[in-house]
Structures are given as structure tokens and as C-alpha cells.
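J.: Residue-level listing of the chains:
Protein chains: 2
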Amino acid sequence: MSDAAHTEMWEKLNLDISAHEGLLEVLGKFYGDIYLSQENRLNGMEYLDFVLSEVHGLRIKEIQDAKATGKKVIGTFCVFVPEELTLAANAIHVGLCSGADAGTDEAEKLVPRNTCALIKSFIGFKLARICPFTESCDLVVGETTCDGKKKAYEAFGKLVPMHVMEVPQTKTTDAKQLFKAEVLRYKEALEELTGVKITVENLRKSISVVNEKRKALQRLSRLRAADPAPISGRDALLINQVSFYDEPERFTQSINTLCDQIEERIAQGGGVVPAGTKRLLLSGCPMAVPNWKLPYVMESSNAVIVGEESCIGSRNVRDLVDDSADTIEGMLDALVDRYMKIDCACFTPNDERMVNVQNMVKDLNADGVVHYALSFCQPYAHEAIKLQDVLSQKGIPMLSVETGYSMEDVEQLKTRVEAFVEMLD
Amino acid sequence: MSDAAHTEMWEKLNLDISAHEGLLEVLGKFYGDIYLSQENRLNGMEYLDFVLSEVHGLRIKEIQDAKATGKKVIGTFCVFVPEELTLAANAIHVGLCSGADAGTDEAEKLVPRNTCALIKSFIGFKLARICPFTESCDLVVGETTCDGKKKAYEAFGKLVPMHVMEVPQTKTTDAKQLFKAEVLRYKEALEELTGVKITVENLRKSISVVNEKRKALQRLSRLRAADPAPISGRDALLINQVSFYDEPERFTQSINTLCDQIEERIAQGGGVVPAGTKRLLLSGCPMAVPNWKLPYVMESSNAVIVGEESCIGSRNVRDLVDDSADTIEGMLDALVDRYMKIDCACFTPNDERMVNVQNMVKDLNADGVVHYALSFCQPYAHEAIKLQDVLSQKGIPMLSVETGYSMEDVEQLKTRVEAFVEMLD
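Same order as they appear, the protein sequences are chains E and U. Just so we're aligned: the first sequence equals residues 1 to 425 in the UniProt record's numbering. Just so we're aligned: the second sequence equals residues 1 to 425 in the UniProt record's numbering.
If you're looking for bench data, these hints aren't it; they were derived computationally from the structure. None of these values were measured; they are calculated from a predicted model. Note that beta-carbon positions come from the ideal geometry of N, C-alpha and C, so glycine has one too. Take these hints with a grain of salt, some might be off.
[Unchecked claim] With a Cα cut of at most 30 Å, we get these calculated BS3-like pairs of lysine-lysine:
#, chain 1, residue 1, chain 2, residue 2
1, E, 158, U, 215
2, E, 341, U, 414
3, E, 176, E, 341
4, E, 158, U, 176
5, E, 362, U, 109
6, U, 414, E, 109
7, U, 215, E, 176
8, U, 215, E, 341
9, E, 67, E, 215
10, U, 158, U, 109
11, E, 176, E, 61
12, E, 176, U, 341
13, U, 215, U, 171
14, U, 215, U, 158
15, U, 171, E, 158
[What the hints assert, rightly or not] If you want the footprint, here are the derived chain E segments under chain U, 3+ residues with CB under 8 Å:
#, region
16, 96-104
17, 146-154
[Claimed, not checked] Simulated restraints, written as ranges between beta carbons of each label pair:
#, chain 1, residue 1, chain 2, residue 2, range
18, U, 158, E, 330, 39 to 47 Å
19, E, 215, U, 341, 22 to 30 Å
20, U, 54, E, 333, 55 to 63 Å
21, E, 32, U, 341, 37 to 45 Å
22, U, 108, E, 158, 44 to 52 Å
23, U, 341, E, 67, 54 to 62 Å
24, E, 64, U, 113, 43 to 51 Å
25, E, 64, U, 359, 43 to 51 Å
26, E, 67, U, 158, 47 to 55 Å
27, E, 39, U, 406, 31 to 39 Å
28, E, 337, U, 300, 55 to 63 Å
29, E, 330, U, 108, 28 to 36 Å
30, E, 337, U, 61, 47 to 55 Å
31, U, 113, E, 29, 29 to 37 Å
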């Protein structure tokens with residue numbers, strides 16, 4: 001696809017061409033510095049490099065071509081929106097979370113300054129007209145997982161066609177019942193938008209597609225238990241990030257191919273870092289593209305990241321949907337059961353997350369945990385305090401980091417992370 | 001009650017006597033400066049002065065005496081906890097929100113620094129052992145109305161016996177169903193704690209008691225439409241604050257007596273300020289005792305406050321419970337209907353609040369609105385932006401204030417409020 005064809009497509013999507021050009025330039029440079037500079041990368045990562053280089057290009061072209069045939073595009077911000085339903089309705093499911101500051105001044109006219117960078121970012125990207133995914137959406141689906149997003153959708157809903165799902169705050173039977181009603185409401189909204197009825201057949205197929213995607217990511221996660229670490233945390237994060245953008249079956253196949261290579265590497269005793277390199281679990285808020293700051297800092301501090309305990313990570317991958325049901329009702333119940341297992345900080349008390357983090361530390365042979373809370377993210381900031389308490393009782397070291405998307409604190413973060421890694425000796 | 005008897009009681013409650021002494025001293029001085037210095041106060045306010053002077057004394061004595069007879073005490077932080085059920089179970093219902101910085105350093109070990117002052121305050125008061133209400137509680141009831149409180153209760157629940165109610169985030173039929181289940185769960189918790197079965201008879205009585213309290217406060221609110229304003233906003237706020245502490249029937253009677261005096265004053269054309277004084281509606285977050293900073297600033301700026309659009313104000317008073325049901329089921333439905341009308345910023349989209357504010361401006365003949373958001377309160381900070389937009393379209397001036405409990409910004413607030421009031425001319 002030529003540059004001119006790209007530009008023409010972006011113009012049709014009403015992007016601000018010059019601002020978008022600026023974004024791609026920064027993104028490209030950032031990717032070069034943080035990703036392409038890595039040594040010992042596996043061949044399979046070329047797929048990821050390609051996807052990322054064409055994330056606003058060929059992938060958008062594919063989406064536009066699909067739209068031309070009548071397919072609809074659904075944008076989401078959260079792992080609580082069941083991708084299985086979207087795919088069953090023959091629609092495309094994409095993540096819209098953004099990991100860079102853009103349009104922040106304008107965004108702060110719509111949401112308070114004390115709002116986390118992720119929220120300001122998706123609003124800023126819309127206002128600055130630099131996100132071709134957002135511009136491709138026929139419906140944007142929000143949820144009530146935190147005060148910041150819940151209230152931001154009221155403003156965002158004036159800019160895009162919006163559907164908000166209520167995610168409950170406890171896991172009582174009645175709360176699950178409310179979530180089931182919301183899953184049904186989403187199903188109906190999809191059927192109305194796409195004109196496609198969700199049936200036992202198409203839902204069975206999509207449950208399988210998404211389960212296979214999650215299984216590939218689980219396989220990748222398990223392989224990272226090896227010492228030396230066979231893949232960098234940056235690359236693994238990128239894979240999880242791309243899982244929100246790319247066509248799911250192609251993605252699954254590519255990740256399984258990559259996992260084959262990782263298995264070979266492990267069999268040969270190879271790795272991306274020397275054996276014995278300090279191993280860190282990254283835990284907390286999701287990191288959207290191109291929010292690679294903290295992983296880069298961590299992996300430039302004589303350490304390797306062996307797991308992402310995050311929505312763009314294990315929280316989206318841990319549980320599969322039971323595929324044994326053969327009625328719509330039974331399949332929806334299976335979806336509700338699976339989604340209500342998610343250990344998001346939006347729940348109270350969410351003690352299962354405390355257990356899950358410890359299990360990941362054990363399973364992945366991590367030496368310590370770096371907890372990442374986006375500044376002004378209240379749910380994860382609270383759980384950082386709770387987790388520190390729980391881990392310290394178990395003798396697991398944890399560093400608590402609060403940061404946003406600005407690069408101003410990189411040196412300060414580096415000093416703190418280096419000191420933490422040294423302390424692990 | 002002698003000073004020694006007070007002190008003995010506080011010692012039994014395990015208060016930190018010297019820290020508590022310090023609190024009372026500050027509170028007394030503050031009350032003198034902000035309340036007792038006012039001119040043209042009605043005789044009926046003596047009841048309030050007395051209640052406040054004895055809020056940690058005689059009222060606690062009453063509560064302790066009641067406990068000695070087997071009564072239980074329920075502490076709450078939110079107007080979503082149905083007082084009707086508490087009273088039906090023959091228990092005492094008190095508010096535990098605090099309006100002063102105390103124990104903040106200790107509180108910040110349990111909750112993030114970026115937490116609103118109200119939350120840090122109730123935790124700080126507990127940790128510093130200076131709140132005899134908290135120490136008197138047999139059960140503390142939290143709710144999930146904001147991320148800050150929802151997650152803070154996880155830490156607070158380790159310090160006190162805690163029950164958390166889920167308040168939904170939308171007002172769909174299914175969300176109301178969840179709230180109904182939570183109301184039932186609270187009823188059962190009360191019955192277990194008190195050993196009192198909630199019946200048609202005792203619930204009918206308590207619905208009437210609470211309705212009468214709300215009617216007295218509605219009557220007060222209506223009288224404030226008069227020009228000149230018959231009562232200061234500070235005094236009206238105090239009345240609303242005391243409604244969370246005092247015995248409800250005594251409170252209702254006292255407020256009705258005060259309203260009689262206000263009616264006389266209005267009939268004589270009298271007021272607490274000259275006719276034509278600029279009239280402000282105070283809107284937003286609740287103000288707990290002794291958080292009188294902003295009302296004092298406003299009423300020291302050639303203006304009078306004519307309404308509090310707040311949980312400690314109209315949000316707790318606007319709606320009555322339909323008392324026509326004659327089964328427990330029907331009465332619980334009536335409670336759910338009433339509580340789910342509350343226009344809290346925890347709901348999305350909560351457009352009814354935008355309408356209610358405009359109605360209050362009209363009904364109370366306000367010249368402008370001062371919106372108050374506690375720093376780090378995300379729900380009200382979002383709605384401040386939304387409300388400003390709605391009001392500006394209607395030509396209603398609004399000043400948006402964000403502040404905490406510190407006195408550091410008093411002069412800055414005064415400058416802003418004075419400029420706003422001048423602009424109303």
C-alpha cells in the first residue's frame with residue numbers, strides 16, 4: 001500500500017493528516033529505540049513489527065474493506081466487553097485505549113485534570129482526530145469499571161455513538177445477574193446494529209476463536225517461566241497489545257508459530273538475557289500502545305519482565321469460556337461466568353487478585369513485583385497498598401510506581417527501579 | 001453532665017483524650033467564629049448550638065445509655081443506607097463523615113494520598129481515636145458509590161465491623177433489582193445484629209419518622225425562597241448536618257419550631273441579610289461537620305446561601321418514601337424506589353441532577369451557583385464540567401470550586417467568590 005493510498009484513506013476518515021503524521025513519526029522513533037534495538041529477538045517477532053508498522057495502515061485498510069462489505073466495527077476500552085458476542089455478530093472488535101499524550105489540553109475541557117492519562121488520551125486522540133480506529137467505529141462500548149471512565153463516557157458519548165455496559169462492583173449472585181442483563185443488552189445492541197442474529201452456531205464459533213486466542217497467549221505466558229527468559233517483557237507486552245487490534249485467527253496462528261520458536265530456543269538453553277537475570281512481574285494498570293516507558297526502564301535496569309499482571313496481559317487471558325453449552329442461554333451464562341472471574345480492582349474486595357499475583361510470582365519464578373498505577377487511578381492505587389502489605393507478609397519484594405504518559409520522570413523511575421533490582425540480590 | 005463524667009465516658013470509648021480535647025477546642029473556636037458571630041439569628045437556632053456543643057457529650061451519653069439497654073448503633077457514610085430499616089430494627093443511625101483534617105498522615109498509609117479529604121478524614125478520625133460516634137458503632141455500613149470509598153472500606157473494614165452495600169451505577173430495571181437485593185441483605189444484617197425482626201408495623205412507624213424528618217427539612221428549604229433570606233446558609237447547613245446525628249423525632253420537632261419562627265420573620269419582612277443580597281446555590285459534594293470553610297467564605301462575600309444541592313442538603317431530603325404499602329415486600333419496593341431517585345454523581349448519566357439544580361435555582365430565586373467538588377472526587381469533578389455547560393446555556397452563572405479541608409486556600413477562595421458575586425450585579 002503506497003503512502004499516497006494511506007493518506008487518501010486517512011483523509012476519508014477525516015483524520016488531521018499533519019497531526020497524525022507527527023504521531024506516526026514519534027511512534028516510529030519510539031518503536032525503533034525501544035523495540036528494534038533489542039538483541040536476540042526471535043524471527044516470529046517480525047509479524048509483530050509488521051503489524052505495528054501497519055497498525056494505522058494495512059489493518060485500517062482491512063477494516064475499511066470489511067466495512068465496505070457491510071461489516072460493523074466495535075471499539076472498546078475494557079476487557080469486560082465480550083469479544084465473543086462481537087465476533088458472533090460478524091463485527092470487528094478493536095481496543096481504543098491509547099498510551100500517548102495527545103490532545104490533552106482539549107481533553108481537559110471535557111474531563112477533570114485529575115483524570116488518568118489513559119482516559120485523557122482516548123479523548124485527546126478523538127479530539128485531535130489522529131486515531132483511525134476510533135474514526136472507523138460504528139459503535140463504541142464503554143463500561144462502568146471506574147469513576148473516571150464511567151463519567152468520561154458521558155462527555156465522550158457526545159462525540160461518538162456510544163453504548164455503556166454496567167459492570168457491577170461485587171461478585172454476589174445478584175451482581176452477576178445484573179451483568180448478565182448487561183451482556184444481553186449488548187447482544188441486542190449488536191444484533192440491531194449488524195442485522196445479524198446471534199445464534200448457537202455463530203456464538204459457538206466465536207467462543208472457540210477467542211478461546212484459541214487466549215490459549216495461545218496462555219501458552220506464551222507459560223513459556224516465560226524458563227530461565228533464561230526466552231522473550232523480553234517488552235515483546236510480550238506488545239503481543240498482548242496487538243491482541244486488541246489484529247484479526248484474531250491470524251493473531252492466534254502467528255503467536256503459536258512464535259511459541260514454537262520459543263520452545264526451540266528454550267530446548268537449546270537460549271534466551272533474550274543471560275540466565276540468572278533478575279526477573280520481575282509487572283502488575284497493575286493496563287499499558288496501551290505506545291506506553292512502553294516503564295517496561296523499557298525495567299529492562300534497561302539489569303532485569304527482565306516475565307509477566308504482565310494487567311488487563312493487557314494476564315487479566316484478559318487467564319480464563320477461558322466453558323464451551324460445553326448448546327443453547328444461547330447456556331452460552332451466555334458461560335460468558336457471564338468467565339467475565340465475572342476477572343480480578344479487576346473495580347471489584348470490592350477483589351481478594352482473588354492478591355492470590356493471582358502470588359501465583360504468577362511463583363509460576364513465573366519472579367524475584368519481585370513492580371506495581372504500576374496510572375496517576376489518579378484510584379482503584380489500582382488502593383490495591384497497590386493492599387498488595388504491598390500482602391506480599392511483604394510473604395517475603396516477596398514489591399516496588400510501587402505511580403506514573404502517567406509523560407517522559408519527565410524517566411530518570412527518576414530508572415533510579416528507583418535500579419535500586420529495587422539491586423536490592424533483589 | 002460534668003467535664004469529668006464526659007472524660008470518663010470518652011475514656012471508656014478508648015478515645016485519645018488529649019487529641020480529642022484538641023479537636024473539641026478547635027471545633028469550639030471555629031464554631032464561635034463562624035456561627036456564634038452571626039447577627040440576626042433566630043432563637044430556634046439555640047437547639048442547634050446546644051446539639052453541636054454536646055455532639056460528643058450528651059448525644060454520646062444518650063447513645064451509650066441506649067446501648068446499655070441493648071440498642072445497637074449503625075454508622076454510615078452515605079444517604080443510600082436506608083435509615084428507615086435501621087430505625088425499624090430499633091437501632092440508632094448516625095453519620096460518620098468527618099469534615100476536618102486529623103490523623104491524615106496515618107490515613108495515608110491505608111489509602112492513597114490522592115484520596116478526597118472526606119475519606120481520609122473518617123479514616124484519620126478512627127486511627128487517631130477522636131470520634132466517639134465511630135467508637136460507639138456496632139456496625140459500620142459502607143457503599144460502593146465512588147472508587148475512593150469503595151476501596152477505602154477494604155482497609156477500614158479491618159478496623160471496624162463493616163457491611164458494604166452495592167449501589168448500582170445506572171438506573172435500569174436490573175440495576176434497581178440489584179439495589180433491592182442489597183436492601184434485603186442490609187435488612188437481614190440488621191435483624192441478625194439486633195435480634196429485632198423488621199415487621200410491617202415497625203417499618204411503617206420508621207418510614208413515617210424519617211418522612212416527617214424529611215418534610216421538616218423540605219419546609220425549611222421552601223422558606224428559604226423568601227427575600228430577604230430568613231436564615232443563613234451556614235445555619236441551614238448545620239441543620240442538615242445535625243440531621244445525621246440527633247435523635248430523629250426530637251430533631252423534626254425542633255426544626256418545625258424553628259420553621260414557625262422563620263414564617264413569623266418572613267411575615268414581618270425580616271431577614272438575616274438585607275433584601276436584595278446576592279443569593280447563591282451551593283451545589284456538589286457533601287460538607288460534614290466542621291467543613292464550613294466555603295459557606296463562610298461565601299457568606300462573607302456579600303452573598304447569602306439559599307440552598308445546598310448536596311447529600312447533606314437537598315439530595316437527602318427531596319424524596320419521601322411512599323407509605324401506602326401494607327406488606328414488607330411492598331414497603332421494601334417503596335424504599336428502593338425512593339432511594340434509586342437520588343441524583344448522585346455515582347450514576348451515569350445522572351441527567352436528572354442537571355434538571356434538579358436548575359429547579360432549585362428557580363425555586364429559591366438564586367442568582368448563581370457555586371459548585372463545590374472535594375479535591376480528587378472524580379464523580380463531582382466530572383459533573384462540574386457538565387453542569388457548567390448546562391447552566392451556561394441557560395444563562396445561569398456558575399463558579400466551580402475544588403478544595404479540601406485545609407485552610408491554606410481561604411484567601412484565594414475569597415478572592416474568587418467575591419469576584420463571582422460582583423459579576424452577578
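J.: Indicate, hint by hint, whether the structure satisfies it.
T.: Tested hints:
1. A C-alpha spacing of about 38 Å is found between residue 158 of chain E and residue 215 of chain U, which places the hinted pair above 30 Å, so the restraint is violated.
2. With a CA separation close to 50 Å, the supplied pair residue 341 of chain E and residue 414 of chain U exceeds the 30 Å bound.
3. Using a Cα cut-off of 30 Å, the hinted pair residue 176 of chain E and residue 341 of chain E holds, with the two alpha carbons roughly 10 Å apart.
4. Simply put, residue 158 of chain E and residue 176 of chain U have alpha-carbon atoms about 26 Å apart, close enough for the 30 Å limit, and the pair holds.
5. At most 30 Å may separate the alpha-carbon atoms for a hinted pair to count; residue 362 of chain E and residue 109 of chain U meet this at roughly 27 Å.
6. For the proposed pair residue 414 of chain U and residue 109 of chain E, the alpha carbon gap of about 24 Å is at most 30 Å, so the pair holds.
7. Under the criterion of a C-alpha separation no larger than 30 Å, the hint pairing residue 215 of chain U with residue 176 of chain E is inconsistent with the structure, at around 37 Å.
8. Restraint check: the Cα-Cα separation between residue 215 of chain U and residue 341 of chain E comes to about 45 Å, which exceeds 30 Å; the hinted pair is violated.
9. Between residue 67 of chain E and residue 215 of chain E the alpha-carbon distance is near 29 Å, which keeps this suggested pair within the 30 Å criterion.
10. Straight-line distance between C-alpha atoms of residue 158 of chain U and residue 109 of chain U comes to about 14 Å, which keeps the hinted pair within the 30 Å bound.
11. Of the pairs offered as hints, the one joining residue 176 of chain E and residue 61 of chain E is violated, with about 39 Å between alpha carbons and a cut-off of 30 Å exceeded.
12. With a CA separation close to 23 Å, the supplied pair residue 176 of chain E and residue 341 of chain U stays within the 30 Å bound.
13. Taken as a hint, the residue 215 of chain U and residue 171 of chain U pair is honoured in the structure, with Cα atoms around 25 Å apart against an allowance of 30 Å.
14. Under the criterion of a C-alpha separation no larger than 30 Å, the hint pairing residue 215 of chain U with residue 158 of chain U is inconsistent with the structure, at around 38 Å.
15. This hinted pair checks out: residue 171 of chain U and residue 158 of chain E have alpha carbons roughly 20 Å apart, not beyond 30 Å.
16. Chain U is given as covering the region 96-104 of chain E, and this is violated because 0 residues of the stretch bring a CB closer than 8 Å to a CB of that chain, at least three being needed.
17. Look at the region 146-154 of chain E against chain U: 8 of its residues bring a Cβ nearer than 8 Å to a Cβ of that chain, three or more, so the hint holds.
18. Take residue 158 of chain U and residue 330 of chain E: their Cβ atoms lie about 40 Å apart, and the range 39 to 47 Å holds.
19. Distance hint check: the CB atoms of residue 215 of chain E and residue 341 of chain U are about 47 Å apart, inconsistent with the given range 22 to 30 Å.
20. About 56 Å separates the C-beta atoms of residue 54 of chain U and residue 333 of chain E, a value consistent with the hinted range of 55 to 63 Å.
21. Take residue 32 of chain E and residue 341 of chain U: their Cβ atoms lie about 57 Å apart, and the range 37 to 45 Å is violated.
22. Between residue 108 of chain U and residue 158 of chain E the beta carbon distance is about 37 Å. The supplied range of 44 to 52 Å is therefore violated.
23. Taken as a hint, the range 54 to 62 Å is violated for the pair residue 341 of chain U and residue 67 of chain E, whose Cβ atoms sit roughly 42 Å apart.
24. With their beta carbons about 46 Å apart, residue 64 of chain E and residue 113 of chain U fall inside the hinted range of 43 to 51 Å.
25. For residue 64 of chain E paired with residue 359 of chain U, a C-beta distance near 48 Å keeps the hint of 43 to 51 Å intact.
26. One distance hint, 47 to 55 Å for the beta-carbon pair residue 67 of chain E and residue 158 of chain U, holds here, with the actual separation near 53 Å.
27. About 52 Å separates the C-beta atoms of residue 39 of chain E and residue 406 of chain U, a value inconsistent with the hinted range of 31 to 39 Å.
28. Hint check: residue 337 of chain E to residue 300 of chain U, Cβ distance near 58 Å, so the stated range 55 to 63 Å holds.
29. Under the hint 28 to 36 Å, the C-beta atoms of residue 330 of chain E and residue 108 of chain U, about 48 Å apart, miss the expected range.
30. At roughly 52 Å, the beta-carbon separation of residue 337 of chain E and residue 61 of chain U lies within the given 47 to 55 Å, and the hint holds.
31. The supplied range of 29 to 37 Å is met by residue 113 of chain U and residue 29 of chain E, whose beta-carbon atoms lie about 35 Å from each other.
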